[in-house]
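Assemble chain B onto chain A, guided by the hints.
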Amino acid sequence: DPKIIQKPKYLVAVTGSEKILICEQYLGHNAMYWYRQSAKKPLEFMFSYSYQKLMDNQTASSRFQPQSSKKNHLDLQITALKPDDSATYFCASSQVGTGDYEQYFGPGTRLTVL
Amino acid sequence: GDSVTQTEGQVALSEEDFLTIHCNYSASGYPTLFWYVQYPGEGPQLLFRASRDKEKGSSRGFEATYDKGTTSFHLRKASVQESDSAVYYCALSHRNTGNYKYVFGAGTRLKVIA
Chain A
1 DPKIIQKPKY
11 LVAVTGSEKI
21 LICEQYLGHN
31 AMYWYRQSAK
41 KPLEFMFSYS
51 YQKLMDNQTA
61 SSRFQPQSSK
71 KNHLDLQITA
81 LKPDDSATYF
91 CASSQVGTGD
101 YEQYFGPGTR
111 LTVL
Chain B
1001 GDSVTQTEGQ
1011 VALSEEDFLT
1021 IHCNYSASGY
1031 PTLFWYVQYP
1041 GEGPQLLFRA
1051 SRDKEKGSSR
1061 GFEATYDKGT
1071 TSFHLRKASV
1081 QESDSAVYYC
1091 ALSHRNTGNY
1101 KYVFGAGTRL
1111 KVIA
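Those protein sequence lines, which keep their order, are chains A and B. Per my numbering, residue 1 is the first one in the first sequence, and the count goes up by one each step. Per my numbering, residue 1001 is the first one in the second sequence, and the count goes up by one each step.
Chain A on its own, in the form it takes in the complex (with noise of 0.2 Å):
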């Protein structure tokens, strides 16, 4: 059974558009994270949360926004989508403080900006 599930696995958007990539992890995890991935940057950080509050963000831009309705969920807004938003995402989770924190990666969901 998959761990962390991402939604949707491909996505096609046009320019200036807005889209939701969706997250959520059954490993009970408290901490869950949004990296990106393009082959100007092959794996870049973009935010960590715990307990649904953010810890650090590592994105320049404001058009990315992570929303956590609960706990195991981690979902990324992007507005006002840009050709070079082209990338694929991949959403991961750890247990942080009891000392087994190594990140589990989700499938990553694929986003192409026309």
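Hints listed in this document are in silico derivations from the structure and should not be mistaken for laboratory results. Please read all numbers here as calculations on a predicted model, not as lab measurements. Take the hints with a grain of salt, since some may be wrong.
Claimed, not checked - Cβ pair distances, simulated, as ranges:
{"#": "1", "chain 1": "A", "residue 1": "N57", "chain 2": "B", "residue 2": "S1058", "range": "27 to 37 Å"}
{"#": "2", "chain 1": "A", "residue 1": "Q67", "chain 2": "B", "residue 2": "E1008", "range": "33 to 43 Å"}
{"#": "3", "chain 1": "B", "residue 1": "T1020", "chain 2": "A", "residue 2": "Q95", "range": "24 to 34 Å"}
{"#": "4", "chain 1": "B", "residue 1": "T1071", "chain 2": "A", "residue 2": "T79", "range": "33 to 43 Å"}
{"#": "5", "chain 1": "A", "residue 1": "Q67", "chain 2": "B", "residue 2": "L1046", "range": "22 to 32 Å"}
For every residue, glycine included, the Cβ atom is placed at its ideal position computed from N, Cα and C.
Relative to chain A, chain B alone:
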């Protein structure tokens, strides 16, 4: 800030060759060091980790030793197989409470030719 440097961007080997992928880090204290592997179409998955100086991590024939003196965590495998073809990421994280940030290297693409 913390950083991870992987020297090789791409490595091409024949089956049964010896593999070394160099990883050097810059961080305060004793970060935990990881190696992740990413197969096409999937998210990165943990290969192994090490948390203390001189600790060796290993999995599936791959191994690396935490060396605080040289700030290195080089990945090695004695005899690679075609199925090892993937992208390998070196990463670090701190155990401090409140630090949820993971830092990944740029990745090394390994291609093993049968």
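How the hints compare with the structure:
1. The supplied range of 27 to 37 Å is met by N57 (chain A) and S1058 (chain B), whose beta-carbon atoms lie about 35 Å from each other.
2. In this structure, Q67 (chain A) and E1008 (chain B) meet the distance hint of 33 to 43 Å, their C-beta atoms being roughly 38 Å apart.
3. The hint said 24 to 34 Å for the Cβ distance between T1020 (chain B) and Q95 (chain A), and at roughly 32 Å that hint holds.
4. In this structure the supplied range 33 to 43 Å holds for T1071 (chain B) paired with T79 (chain A), their Cβ-Cβ distance being about 40 Å.
5. The given range of 22 to 32 Å is respected by Q67 (chain A) and L1046 (chain B), whose C-beta atoms sit roughly 27 Å from each other.
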